[in-house]
Amino acid sequence: MRARSSGKGAVLGRGEKKRIEEQFARHINRGQVKYLKAGHLDVLETMRRGIRFTDEATGRTMIDCFTSAGCFNVGRGNPVVLAALEEALDSLDMGSWMLLSPWKAALARELVQVAPRGLDRVFFASGGGDAIDCAIKLARGATGRPTVISTVKAYHGHTGFALSANGKEHYRRYFEPLMPGFRFVPFNDSEAIASAVDEKNAAVIIEPIQGEAGIFAADDEYLRELRRLCDRHGALLIFDEVQTGFCRTGRFFACEHSRVVPDIMALAKSIGGGVYPNGAVLYRGLPVINRFLKKHHDFHTSYNGGSDIGCCVSLAVIRFMRETRLWEKAERSGARLYSALEDIRRENPAIIREVRGLGLMIGIEYIHEFMGPMMSDALAKNGVFAAYSGNAPQVMRFMPPLVASDEDIDEIIAATRAAVGAMKSILPLALPAARVPFLLNLLNNERVQTLLFNWLRSAEDLVERIPGLGGRNK
Amino acid sequence: MKTANMSKRTLIEEYRRFFPGAMLDSMRSEGLDIIEGKREGAFIYDEKGKRYIDCITSASVHNLGRRPRGVTAAFRKALRETDQGNFPMISREKAALAAKIAAFSPYGLDCVVFSVTRGESVDFACKLVRGATGRGGIVTVDGSWFGQTGFALSLSERADRGIYGPLVPGVDIIPFGDFAAAAKAVTDGTAAVILEPMQAENGCRAAYPEYLGELRRLCDARGAVLVFDETQSGMGRTGKKFFLEYSGVVPDVLVIGEALGAGVFPIAATVFTEKLNRFMNRHPLIHLSTFGGSDIGCMTAIAALELYERLRPWENAETMGRRLRSGLEKALRRRSRQIGRVSGAGLLLAVDFGNRANALAFCRSAARSGVLVKTGEVDRSSVLIRPSLLITPTQTNEIIEAMGKAAENK
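Quick note, the sequences are listed as chains A and B, same order.
Under the numbering used here, residues 1288 to 1761 are what the first sequence spells out, in order.
Under the numbering used here, residues 2 to 411 are what the second sequence spells out, in order.
Accuracy of the hints is not assured; some may be wrong.
Said to hold, decoys possible - The calculated lysine-lysine pairs, modelled on DSS-like cross-linking and capped at a C-alpha distance of 30 Å, are:
| no. | chain 1 | residue 1 | chain 2 | residue 2 |
| --- | --- | --- | --- | --- |
| 1 | A | Lys1321 | A | Lys1668 |
| 2 | A | Lys1455 | A | Lys1321 |
| 3 | A | Lys1305 | B | Lys101 |
| 4 | B | Lys9 | B | Lys406 |
| 5 | B | Lys242 | B | Lys78 |
| 6 | A | Lys1582 | B | Lys9 |
| 7 | B | Lys49 | B | Lys406 |
| 8 | B | Lys39 | B | Lys51 |
| 9 | A | Lys1321 | B | Lys101 |
| 10 | A | Lys1582 | A | Lys1305 |
| 11 | A | Lys1304 | B | Lys78 |
| 12 | A | Lys1616 | A | Lys1668 |
| 13 | B | Lys241 | B | Lys276 |
| 14 | A | Lys1582 | A | Lys1616 |
| 15 | A | Lys1304 | B | Lys101 |
| 16 | B | Lys276 | A | Lys1304 |
| 17 | B | Lys78 | A | Lys1305 |
| 18 | A | Lys1711 | A | Lys1324 |
| 19 | A | Lys1321 | B | Lys276 |
| 20 | A | Lys1487 | A | Lys1616 |
| 21 | A | Lys1324 | B | Lys276 |
| 22 | B | Lys276 | A | Lys1305 |
| 23 | B | Lys9 | A | Lys1581 |
| 24 | A | Lys1455 | B | Lys276 |
| 25 | B | Lys51 | B | Lys331 |
| 26 | B | Lys101 | B | Lys241 |
| 27 | B | Lys49 | B | Lys39 |
| 28 | B | Lys276 | B | Lys242 |
| 29 | B | Lys185 | B | Lys276 |
| 30 | A | Lys1487 | A | Lys1455 |
| 31 | B | Lys101 | A | Lys1324 |
| 32 | B | Lys242 | B | Lys101 |
| 33 | A | Lys1321 | A | Lys1305 |
| 34 | A | Lys1668 | A | Lys1304 |
| 35 | B | Lys406 | B | Lys39 |
| 36 | B | Lys39 | B | Lys78 |
| 37 | A | Lys1455 | A | Lys1324 |
| 38 | B | Lys9 | B | Lys51 |
| 39 | B | Lys101 | B | Lys78 |
The set of hints was computed from the structure by calculation and includes no laboratory data.
Just need the whole structure built from these sequences, with the hints factored in.
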C-alpha cells in the first residue's frame, strides 16, 4: 500500500537514478554521493514497510539494519503510528509553543510513566542534538558550574553544545574553537572519571551504550560509580539515550540494566515513530534545578519539539511499545542474533574480531577497517542493509526494527553468513596487501577507499552493461 | 480525541506537574494561558469555541495560515507513501526539495542543508563558514535572536547568556548599523558576518540597505562570508519573498526558517553558494541531522513551496501590511500617547509600549479582544504582530479594531 513504484521488481531506469543522483549532488552534496557509492550504500529507499525497504534502483528488497541509527524501533510504516498521525491531521498542526496544549501534557505524562522513577519532569526538543543542548544548558545553568565531562569517542550530535561534547576529533576539527570547559575521559574507566570529577563540574554526560563509537556498553558498576561521583561532588548525571532508548536494548531505557537513574535524560530518534521529528529531556525535580527554573523556565524554549502532531505520534509510539511489550521482543531477538553472530565469528576469526551489544543493538567488529564497506556491499547483495559506524568504520551496527520476527532475525543471520562467505573469496586478494603496513594504511584511508571503491563500482557497472557478461543481481 | 476534551483546570494541573511552574505564570502574563484547540486559516479556537485571530503564528511559522489545505493533503499523501528515511542516504525527496529551494532563493544560492529548527540551521551556518574559510572569527550585531542551540545562543542578545558557562569563543558582537565598528571588526581572521537583516524580536529593527551593502563590501574585501538569517523576515513575511530584496544585497548563506513546512511539518534549511559547498563536498557527512530534511517532511515542504509560488503571499503581505500598519497607527495613537511607533515591514510589525508592564498588559487585553499577540524576546517592551500572510481586508480591519479596543482597556 505504501509503494511508490508499481511493485517488487519495478526497477528505476538507469537514467532516472542518474538524474536523482545528479540533482542530489548539485543541490545537496556531491561528496556524499561518491562516498555512498563507494560504500555500496547508494540505495534509493522505497516500499518502506515493517523491517524492510526496496531499493528502487535494483528492485532488491532489504532488511533495514541501520534504521537511521535507531529511529524505526516500531517498524517502518507502523499502522498504529500512521493511524494516530492520520487522525491528528484531521484537526491539528504543529501548534503554538506558547499556548496550552493537551497533547504536550499527555505525552509528558506518558513519558514520565515509562521512565525510571524520579525522572518526572519534562522538556521537549526538536531532535537529538537539540535535546543534548537543552540538557547541558540545564546542567550548567542550574549548577552555575562551567565544566562538562564527556567520554572519548562519544557521539552526542552536531549542534553547538552537543558538538562540543563529541569525543571524536573528526566531527569537531574544522569548527573550532568550540565551547571551553569540555573534558574527555576514557569510556568505562572508573579511575579516570574519579580523578576528573570535581566541584567545578556541572555534569557528566554519557551514552549508556556508545553507538557511533562502535557499540560499547558501559559496565553497570561503572555507571554506579558515575552516580556516586556526581552525588558526592554535586554534579548532574546526564544520560544520552537518543539511540538506546525506547526498547532498543531489551529494556524501555538502557539505564534500567544498571538501575542507575540519571538526573537528566535526553531522548529522540524512535520517539518520532520514523515519521515525525520530536525529542524530549526528562529530569529530576532536584532543588538546584527547580531554583534555576523558577527564574529561567524559558532557558531552552522548544519551538518545534513537542509539537501537537509530534506529541500524537509519540503517544502512539509509546502505546504500541507498552501494548506489545516491545522491550521483551528486543531482548529475545537480540539474544538470538547475538549468539548466531558469535558462532559466525568463531568460524571466521580472520574476518571478525568481536561481536558485542545489548538487546537489538549489536556491533560486529572486523579485523580491518576496509572490510566495513566490502561487507556493506556483500550484505546488501544478500538482502540486508547495514552501515558501518561513522566513528569506527571497522564496526558494523545491527539495529533492525524491534518488530522483527524470529524468521526475520534468521534471515539476517543467513545473510551475514553468506556475506562473510563472499568476503572470504575476496580476501586472498586483499589480505596480502593488508600485511604491508603502507598498503593497509591506504586501504583504511577513507578518501582512498572512496576513490578505489568508486573505480571498482564503475568497472562493475561497465561489466553489467556489456550483454552476456553481466546482468543485474536481484 | 479524548485528550482534546481535557478541561482547562485539569490541563493546568498537568502542566504544573510536568513543566516548570514559572512557565504557566509567564503564559498568563501575556494572556496566552489559552488551550489551543481547533485551528483554521487565520484563526485559533479555544476549548470553549472562543475564536482568536492568530497574530503570533508561532513566530512566523504558520505563514500560510493554519493548516493550509494543500500542505496537509500533501503530508497525508506522503505518509502513505514514505517515511523519514535513513538520514545519510541519497534521496529523491531531499534532492527535489533542495532543487526547489534553490530555485526559490536568490540567484547564486544553490546548495542546501536541512534541519528541523532555526537554531540548528544557524549552528550549521556557523560551522560551514568556519570550515570553508579555515577562520574562527564570527562577527554579529547586537539585538540579535538566533535560537536556542549552542552557536545560536552564543550569538544572541539575551540577559541570561552568561549563565550557561563559557560559550563559543571567537564571537564578536558589534553595534547594529555602525559602519565604523563593522570596518574594524571584519578582519582577515573573520569567517563570517552573520545577522538578521530585520530583527523581529528586537522591535523589528531593520538594517538600512546602505549598511547591508557595506557589510557585503567588507566581507568581499576580507574574504569573509556574509550570512543572513531570514527565519522570521523571509518566506513572504515582510512583503517580499525575502527581506533582502529591499536592499538588493545577496548573502553567501541564507537561513530559511520553519515557514518552509507551513506549520504542518518542522523543517528548516540553510541555503548557500556552490563555492562554500566545496568544503562540504570534501567532508561529506561531517554535519548530520537525523530529522532534518526527512523524506516525508520534504514532500510536505515541496507542497508548501508550491503554494508559496502559486499564491505569492508576499504580495498580500505588502498590501495588508500597509493597511494594518496605518490602521494600527491611527487606532493606537488616538487612544494612548504612551504607545510609540509601529515598526517593521509587510506583516511583521512591532509596536513599542515603552516598558514591559505596558506591553504585557496590552497582550492580555488583546487576547480578551480576540487577538493573540506576544512580546519580543529581545526588546521586551515591544509587541509583535505577525498574522497569516493570507489575511483578508476584513480580518485586517478586525485586528485593527480589536487592537484599538485592547489599547483602551489595558
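**Request:** If any of the earlier hints don't hold here, list their numbers in rising order.
**Result:** 10, 14 and 20
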